[in-house]
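Line by line, the protein sequences give chains V and S. For the first sequence, position 217 matches number 217 in my numbering, and the numbering has no gaps at all. For the second sequence, position 194 matches number 194 in my numbering, and the numbering has no gaps at all.
Rather than coming from a laboratory, the hints here were simulated on the basis of the structure. Quantities reported herein were computed from a predicted structural model and do not represent experimental measurements. Heads up, a few of these hints could be off.
[Claimed, not checked] With a straight-line Cα cutoff of 35 angstroms, these simulated DSBU-like cross-link-like pairs (lysine-lysine) come out: (1) K121/S x K75/V; (2) K69/S x K48/V; (3) K213/V x K99/V; (4) K270/V x K121/S; (5) K110/V x K461/V; (6) K49/V x K210/S; (7) K377/V x K120/V; (8) K27/S x K54/V; (9) K27/S x K115/S; (10) K118/S x K54/V; (11) K75/V x K54/V; (12) K189/V x K115/S.
Each chain is listed here by its residues.
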Amino acid sequence: MQESGYFDKYSPISGVWDEMYGADTNVRDHYRKVIEYISGESADDLNKKEELAKRLFMSQGITFTVYNSGEGIEKIFPFDIIPRIITADEWAFVERGIKQRLTALNLFLKDVYHNQFIIKDGIVPIDIIYSCPHFLREMYQLQVPYDIYVHISGIDIIRDYDGTFYVLEDNLRTPSGVSYMLENREITKRLFPDLLPQCGVRSVTEYPTILYKNLLALSPRQISNPTIVLLSPGIYNSAYFEHTTLARLMGVELVEGRDLVVNNHKVYMKTTTGLQQVDVIYRRVDDEYLDPLVFNPGSMLGVAGIMGAYRKGNVAIVNAIGTGVADDKAVYVYVPEMIRYYLNEEPILKNVPTHQLGNADERDHVFQNINKMVIKKTNGSGGYGMLMGHAATEQEIEEYKLEIMKDPRNFIGQPTISLSSAPCYMQGELQPRRIDLRPYALYGPDGIEIVPGGLTRVALKEGSLVVNSSQGGGSKDTWVLA
Amino acid sequence: MLSRVAASFYWLSRYIERSDGMLRMLKINYASSQDTIQEFTWAPVIRIFAGQGEEETERLDNNTRAVLKYMVTGKDNPNSILNIITLSRENARGVQEHIPKDLWQCLNEYYHTVKDPKIEKALQREDPIGVLDILIKQVMLYYGTAEITMERGEGRSFMNIGKYLERAIQSVDILDTKFGSVSDNPDLLTDTSYWKHLLLSLGGYELYLKTYREGFEASNILEQVVLNNDFPRSVIYSVNNIQRYFDRLKNNSNADDFRELSFQIGRLQSRIKYSSVRSIEQDGLHQYLTQIRKELYGIGNALNAHYFANS
Chain V
1 MQESGYFDKY SPISGVWDEM YGADTNVRDH YRKVIEYISG ESADDLNKKE ELAKRLFMSQ
61 GITFTVYNSG EGIEKIFPFD IIPRIITADE WAFVERGIKQ RLTALNLFLK DVYHNQFIIK
121 DGIVPIDIIY SCPHFLREMY QLQVPYDIYV HISGIDIIRD YDGTFYVLED NLRTPSGVSY
181 MLENREITKR LFPDLLPQCG VRSVTEYPTI LYKNLLALSP RQISNPTIVL LSPGIYNSAY
241 FEHTTLARLM GVELVEGRDL VVNNHKVYMK TTTGLQQVDV IYRRVDDEYL DPLVFNPGSM
301 LGVAGIMGAY RKGNVAIVNA IGTGVADDKA VYVYVPEMIR YYLNEEPILK NVPTHQLGNA
361 DERDHVFQNI NKMVIKKTNG SGGYGMLMGH AATEQEIEEY KLEIMKDPRN FIGQPTISLS
421 SAPCYMQGEL QPRRIDLRPY ALYGPDGIEI VPGGLTRVAL KEGSLVVNSS QGGGSKDTWV
481 LA
Chain S
1 MLSRVAASFY WLSRYIERSD GMLRMLKINY ASSQDTIQEF TWAPVIRIFA GQGEEETERL
61 DNNTRAVLKY MVTGKDNPNS ILNIITLSRE NARGVQEHIP KDLWQCLNEY YHTVKDPKIE
121 KALQREDPIG VLDILIKQVM LYYGTAEITM ERGEGRSFMN IGKYLERAIQ SVDILDTKFG
181 SVSDNPDLLT DTSYWKHLLL SLGGYELYLK TYREGFEASN ILEQVVLNND FPRSVIYSVN
241 NIQRYFDRLK NNSNADDFRE LSFQIGRLQS RIKYSSVRSI EQDGLHQYLT QIRKELYGIG
301 NALNAHYFAN S
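With the rest of the complex left out, here is chain V:
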């Protein structure tokens, strides 16, 4: 196959799994059509596409605001125009793995808030659970509709140097980014006319419909038109764009805490014609801010009394409260065991080997090999508070060790995974950058559904392994082929 300039010059990083090039630097089959298309475009064409993408994001207000010296500066979440492509087989494998994992995690949540067999049987140590700040006693013995706790999850998946898929973390609280999955696709349709159908890319547009169907099914009142709302912390939240997008796509009301009031253990929203009862809440407010009477008393984001209404079963809350105990990084270590324990199956998707630093032996091992390790806080997120051993200075390592020794349970160590790379269009040429994948799984009364796609995040800085948007990461459209 004749390849034009961009691909001749593309050189994958050695020792890294490249999504486009195989080990013998042959293009993988599923990238051929895209390469053909892009090779036919001049650098000028591609620059124009990049410009168009930026303009579309900006004019549609798909931005987040960075506050700088009292002035809001709107930025778009950096978007790379070259799609990331996943084959049907790869996807089928990931999909099965996620369904298995979520099923087990959900059974774990039910167990941990009811009989606690897994603790009694000694599979998961009791102190790991009770020391987790997201284990909420308020949820103990509480019945949730259909026994579903995690209705929406965004499990982060990475590939190692040999292409093996690993689960990096299970995001089971209020995972964000799904609107970027949807918007990236809309933008790509504009950038590459006709290319999606030619390549046989599966659609992701069903996501809001499935989510809405699941929310509807949770209504405690058996009425034809239950009130479903999306509870947002408000316009200053970094994911606010996503909240409005989802509310718009589902046609549900977007509310803030101040729009709701609880009366006689029922939740109402304040309307111009009086109070209207709310049946289902898709909340994007974290547990601790949800009810000032039960959790953080200073929170202005939640609704006083909502926990009481939830306990009475008068309102459904999605995701359930207290799911954080299952995505604590110290509990993550036990997920493969959970799969074996609850499902009697071998895990399909692997965990990244993880050392719990509360355990002295493992801690010693991690400290001795610290240059090859990533150390994370068990309840951190957004890439904050991490130590990347290979990139840290002696002094940073020593300071971090002292921090760990204050409360070792709050840290885990993982060997540095060499994330796979994919071609990105940068400064007029294609360059490999590290990526991960966050597919979004929806768990409803009919089972788990995952739209074929997800958010591919990109570490835009050369050599960087950190893809979080808060750390300078970007994203790509994710194509799953039929």
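Chain S: place on chain V using the hints.
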């Protein structure tokens, strides 16, 4: 509809209407300043739209470019186009899922257009009319899009109430200020270009020419701006529309709130409807306009108390 959402609709719309009035006012006054041999005063415009203290007004008064900067892109002027469009957009952002996507994009582009540093630069260095026209076009795009895409429901009613309330207040303020200057300086009474510019800034010049044959008369201008129901910026036209859109909010579950506001709007409507130029002049124009303004504010406050209070 959520009370907060209703309030946002109302405010986003008031701010847009205000920006429209300001831009037209600035455009005509700028044109007028190019036509004046003696020093042109911006003081009335600053008083109407920026509500500044005398000191600030004096500082800016005769410096056309400084006034334009202050009124359009001034960050420290809470009522600059930049700041009110930012507020309008913040309100829209909070109710985005209630607004057609087209309309949101319109408003968003208006915002990005005002924010573009090129606008400020062009206002200082190039032809300000060209710049103001770019912005006026943004408002018109917004109004066209709203007309075509907005669902004919509660949200649109609150938007239109906001729009016409703001418009009525503007027309009252402009009349009051302009006629106030006349009583300070009676020479203006016979100054043709003074009245012409007043009408132009309200977009009522051509209608005036067609309606009144005997040249510029203060009493005719008064009649058109207060009482002419064919003039889209007249006080009566605006108040009739407030009444019309408010009527659509009638609902069994808010009968008491509705009745109270309906009474206030009806009273104001009658006050204007049963006025004549002669009766206004007898009452004293300034007293008359002050009373109308007070009632318009009263309607705004009542909306807040009865419809938006829960927000």
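Hint by hint, where does the structure go against what was stated? Just the numbers, ascending. 4, 5 and 6
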